[in-house]
Each structure stands twice: as structure tokens, then as C-alpha cells.
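> Okay, here's what each chain looks like letter by letter:
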Amino acid sequence: MIHVDQISKSFGEVQAVKNVSLTAEDGKITALLGANGAGKTTSMRMIYALITPETGHVTVDGIDSKNDPVAARARMGVLPDARGLYKRLTARENIAYFGRLQGMSESDIQRRADELIERLGMSKFADRQTDGFSQGQRVKVAIARALVHDPQNILLDEPTNGLDVMSTRAIRAFLREEKARGKCILFSSHVMQEVSAVCDEITVVDAGVVRAVGSEAQLLEMSGQHNLEDAFVHLVTQGGDA
Amino acid sequence: MITKAFKTVFFKEVMENLRDKRTLMSSVIMGSFMGPLFALGMISMTAQMGKEKAEKQLELPVINMQFAQNLEKHLLSNDVKILTLDKTPEAAIKDKDHDVVLEIDESFSDAMQAGTPAKVKVYYDASAKGAANVSVRRVKALINGYSSSIGAMRLQLRGVSPNLMNVVKIENHDQATSQSKGAQLMLFLPYFLIMGLFVGSMYLAIDTTAGEKERKSLEPLFLNPVSRTSILSGKLAATVSFGLLTLILTLIAFKLTLPFYPMKKLGMSLTLGLDDLLVMLVVLIPLAVLAGSVQTIIAAFSKSFREAQTYVSVVMFIPLIPSMLLMFMPIKEKLWMYAIPILNQNIVINSIIRGEQIGAAAIALTVLATLILGLALAWFAVRLYNKESMLFTD
Numbered sequence: 000m001i002h003v004d005q006i007s008k009s010f011g012e013v014q015a016v017k018n019v020s021l022t023a024e025d026g027k028i029t030a031l032l033g034a035n036g037a038g039k040t041t042s043m044r045m046i047y048a049l050i051t052p053e054t055g056h057v058t059v060d061g062i063d064s065k066n067d068p069v070a071a072r073a074r075m076g077v078l079p080d081a082r083g084l085y086k087r088l089t090a091r092e093n094i095a096y097f098g099r100l101q102g103m104s105e106s107d108i109q110r111r112a113d114e115l116i117e118r119l120g121m122s123k124f125a126d127r128q129t130d131g132f133s134q135g136q137r138v139k140v141a142i143a144r145a146l147v148h149d150p151q152n153i154l155l156d157e158p159t160n161g162l163d164v165m166s167t168r169a170i171r172a173f174l175r176e177e178k179a180r181g182k183c184i185l186f187s188s189h190v191m192q193e194v195s196a197v198c199d200e201i202t203v204v205d206a207g208v209v210r211a212v213g214s215e216a217q218l219l220e221m222s223g224q225h226n227l228e229d230a231f232v233h234l235v236t237q238g239g240d241a
Numbered sequence: 000m001i002t003k004a005f006k007t008v009f010f011k012e013v014m015e016n017l018r019d020k021r022t023l024m025s026s027v028i029m030g031s032f033m034g035p036l037f038a039l040g041m042i043s044m045t046a047q048m049g050k051e052k053a054e055k056q057l058e059l060p061v062i063n064m065q066f067a068q069n070l071e072k073h074l075l076s077n078d079v080k081i082l083t084l085d086k087t088p089e090a091a092i093k094d095k096d097h098d099v100v101l102e103i104d105e106s107f108s109d110a111m112q113a114g115t116p117a118k119v120k121v122y123y124d125a126s127a128k129g130a131a132n133v134s135v136r137r138v139k140a141l142i143n144g145y146s147s148s149i150g151a152m153r154l155q156l157r158g159v160s161p162n163l164m165n166v167v168k169i170e171n172h173d174q175a176t177s178q179s180k181g182a183q184l185m186l187f188l189p190y191f192l193i194m195g196l197f198v199g200s201m202y203l204a205i206d207t208t209a210g211e212k213e214r215k216s217l218e219p220l221f222l223n224p225v226s227r228t229s230i231l232s233g234k235l236a237a238t239v240s241f242g243l244l245t246l247i248l249t250l251i252a253f254k255l256t257l258p259f260y261p262m263k264k265l266g267m268s269l270t271l272g273l274d275d276l277l278v279m280l281v282v283l284i285p286l287a288v289l290a291g292s293v294q295t296i297i298a299a300f301s302k303s304f305r306e307a308q309t310y311v312s313v314v315m316f317i318p319l320i321p322s323m324l325l326m327f328m329p330i331k332e333k334l335w336m337y338a339i340p341i342l343n344q345n346i347v348i349n350s351i352i353r354g355e356q357i358g359a360a361a362i363a364l365t366v367l368a369t370l371i372l373g374l375a376l377a378w379f380a381v382r383l384y385n386k387e388s389m390l391f392t393d
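If you read the sequences in order, they're chains R and P. Under numbering that gives the first Met the number 0, the first residue of the first sequence is numbered 0, with each subsequent residue one higher. Under numbering that gives the first Met the number 0, the first residue of the second sequence is numbered 0, with each subsequent residue one higher.
What the hints contain is simulated information worked out from the structure, not anything from laboratory work. Where hints are given, some of them may not hold.
Capping the alpha-carbon separation at 30 Å, the derived lysine-lysine pairs in BS3-like fashion look like this [said to hold, decoys possible]:
hint, chain 1, residue 1, chain 2, residue 2
1, P, Lys215, R, Lys86
2, P, Lys215, R, Lys65
3, P, Lys302, R, Lys65
Put together the whole structure using the sequences plus the hints.
Written as C-alpha cells, this is what we have:
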């Protein structure tokens, strides 16, 4: 479970994120929905303890990520916006490298890598060097290495960005399986259909500020619209600047 | 601090780099073998050319040889092949047809008769490359020899001892040993060793930092529950290892090519035992830490691999400065000089090549001074990534 309380961050004069709060519960998929440049990636980076928030707190399973970022990170598996692989290592070696950095034993790494390769449908390319992998293959490897330690909390920054239908479906199915296993999943996206298809809870952000929180049905009701896209546009423009 | 994360990162960086055969060839192998082989080639060629010019029959174009028949006999008896010239002597030198041209002045025989200095003109280009000056020296020596033998005869005819002309006699006592003469040829060695070290660690210093940032794998790497200090220490250790590997290969390459240097031909000798090479290795090891750290720091401030490569290449010229200074300026070694990294390695290596004894204090100071600066820079390089602005390229 991830609890975010009033976090802010500015870069120079630009206030990228302002007092963002949200809760992502176990056994649910929570979305951070916002347009490009709304502050999603910066919020996510603060939540997964890569950068420190200027105000507020992030707790991951009760661990304050500012006080103990290493322990907090151990509870999370993160697919960040940056998802470069080591192209002279095979897919399996990429996964194993992160497993070792997570402090796992070689036998655990082996077992877990086999499981993820099977579940994400990577067996055809698992033992090839990742140089020249397709976008979909790369994202699958990146997800597998992020989740090699089977973390309770799964964070993904625009996971299906640029993927084809088959890869997108495979990843959605994988996330639903993880949800069924009681995991806490938080992902950011700007794709309405995606959020609509997989998410239980939605936090709408715009210009670094939370505009609305609720399930899809609640957001539709709140805005008086019939689909999520219209609801989103209504919610982010009701501030009066459209 | 040897943590499990340190070892994991170190072995991964080493393995990944070993798989990159092209980079391995161009940095480690070229960095170590190019220098010694290039030097061997240059020195062999120069020695060969000098020898040929000195021993080959001297071919000398002479203008107006008919005015100096006696000199002609002298030249012929010294195995000179006299040629005629179909253009002006200036043009012959300029077009590099000949190294040297001799012109007998029209007044030559009159002056000889009168016992006044008879004039000849020697045309040459003092700035000509290669062994041209060998021919010039041979011609001047032949004419000087002729001049003094005629002079001595004239004095003897008048009943005067030619020895009266020799007021002061110089007796040469050259203190150069054949080893120290050999060392003159090896002035480049410290630079090659230091250069090899910098070339060897350069690729990894950039690839593991700026390269990893550019390929967008640094952020996921830092999301693992280990300290950034452990990760960066592991990367730096891998970088330094490749510098050391190149250094050791350079020393081996040098040792292997040493017997092929034409030392005897040049009247020189150069012996370097295994113990000499070990001392060189000992004073250069701490420099590997310094080189890797400096390169990592520079790469950390660069936005891309290419940018880092440009800056790091420029920095490679810094070790050239002390090497150049020592090549052209005679410097009397003082103890404080051993406290300046790179200058101290240059001095120690030069002394070893010259076969001089180096004090233990000098070696200890060299190692310590370099190691302290190297570790300080390493600490800085490792800490650098705790700054948030270092993490992203955007």
C-alpha cells in the first residue's frame, strides 16, 4: 500500500508538482491520469524515492521513503519512464543483474526469472542479447527485471506507451493477475481507454495539482459526462482556463 | 567498502565491456601495443637511414671542379663520387635532388698560388629532414681535412712545426653511459605508459556513466535498494581495472619489443629488468585510480556520450605537459616534485630508464601523493550521483 501526502517539487521557477496526495491500496489498480507535462513523471519519481519531495511524505507499506529510501525501494518494483536495457546482456542476464542488486539468492533469481519469462511470454527471446529488441520486447524485459523480487507494490510510468495491441494486452493481463494476487499497483497514464480498461481508482492531475479522485463511475457522475475522455477534459478545464 | 552490490556492479560492467570486442580492441589492445610498436618502427627507421648515409659512397655534385684539381684528387681518394650539375645549386637543394652541393670559386687556384684562403661554397638546407645533415658533415669534414693537410705542408716547407697552430687541445670526457644514451631514445616511454592508462579507462568511464544515462538505464539501476555510492564505486572499480589492464599490457609490449631496438647500431644499450618494470607498475597503479576518477567526473557532467568523449579526450593532453617539459628542459629532481602526480611518474620512469638509483622516499612519496589525490577524486566522483540534477539528461 502506498500513501502519498501533500508532496511538492519545483525545478528552478517551475512548480512541477504541488501538494499531490493519493492512496494506492492493495488488491487494486490505481491510475495517475494526466496530460503530457501534468507532473505525472515527477510525482512518480518522488513516490518511488528517486528524488526527494520538497514537502509532504510518501509511505510505502508504512515505511517513510524520505527516512529510509533503500527500505522503501525494496518494497517496490518500478517501471520508470526511462527503461533502457543493457544491450550486450541477454534478457535473462538483465533480469538477473537486478535480482542480485535486490539481494536475492541465485536460485531465487533463476526460479523467479523463469516464472516471469513464462508469464510475460518472453521465452523466444529470453536468452538473446537485447540489442535490436522490439519496443514490446524491451518493455517486457524492463517489467520482468523491475519485478524480479516479487514486490508488494508495483509502480509503472506509462507502461504501454508506444506498444502494439498484442503487447498491450499481455501487459494488462499480467497486471490483472498481479492485482488478483493482492498486489498494490499504481500506474501513470495519459491514455483514457487504458485507464478505463484496467483501473479501479483514478487520480486526475493537471498542472501539478490533483483535480479529482474516484472510480471511473464517480468521475463520470462528478462531471456529468458519459465517457472518461469528456469527463477528463471537463475536470481539468473547470478551473476556468478553457 | 566492499558490499554485495559493489561486486555485482563491478562484475557486470567488466563482463559487459569484455563482450564489446570492438571497443576492447580499440582501447585496450591499441592503447597498449600501438605506442611501443610505433616507437620501435620510428627508431629503427631513423637508425637505418643514418647508417646508410654515413656508410654509402658520398655522391657530391661539384661546380667548377676544373679549378681545383688537387682537391678533386683528395675527394676521389676518399671514395667520393663527383657529379656534374645541370641546374643551379640553389634549385638542386630546393628540389631535394641532392643533400649538398659544392661550388669551387673561380679565384680558387689564384688564391692557392698566393697562399691566401681559397674559397669554396657549400650549399645545403640546415632544416632538411632525416639524415641529410650527415652528408653535409661528411663534405665539410673532407674539405677541412684537405685544408689542414695543405696548411701543415706549407708550414713544414717554411721550417715551422704545424703543431704551433694547435694552441689548445680538447680531450673529450663524455660522461654519458651507453645506458643513458639509450635512455634518450626512451624519453617517450613515460608518456606512452600514462597515455595507455588513460586510453584504457576512458571508454568505461564514459560508458558506465554518461552512456548509461543516455541509454536511460541509470534511473532503473538507481531504483534498486542499494546505495548509489555502492553502485558508483563498483563502476569506478571496473573503470580503473581496465586502465590497469592496459597499463600492464603496455609494459609487457614494451618489454617484448625491447630486444628489437637497434641499440648496438647506435652505440647505445638499454637494459630493463623485471624489477625495473615492477617499480614502474607500482608508481603507475595509483595513477590509474586518479585517471579513472577524473574521467568519471568529467563524464558525469556531460549530457551525452559524445559530449563526454570530447571533454575526456581533451583532458588526455594534460599528462603530455610534464612529459614534454622533461623532454626539452633539463630539470634537477627535487623531493617536492615527487608530490606532484604525473610529474613524479615521469621523473621516476626516466630515472629508471637512465639506470639511476631512486630513493625509497621518492617512490613512497610518488605513490602516496598520487593515491591520496586519486582517492579524493574517486570519493568526489562517487558522491556526485547523490545530486538529483545528475540523474537525468532532460
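> Tell me, which hint numbers fail for this structure?
Result: no hint breaks.
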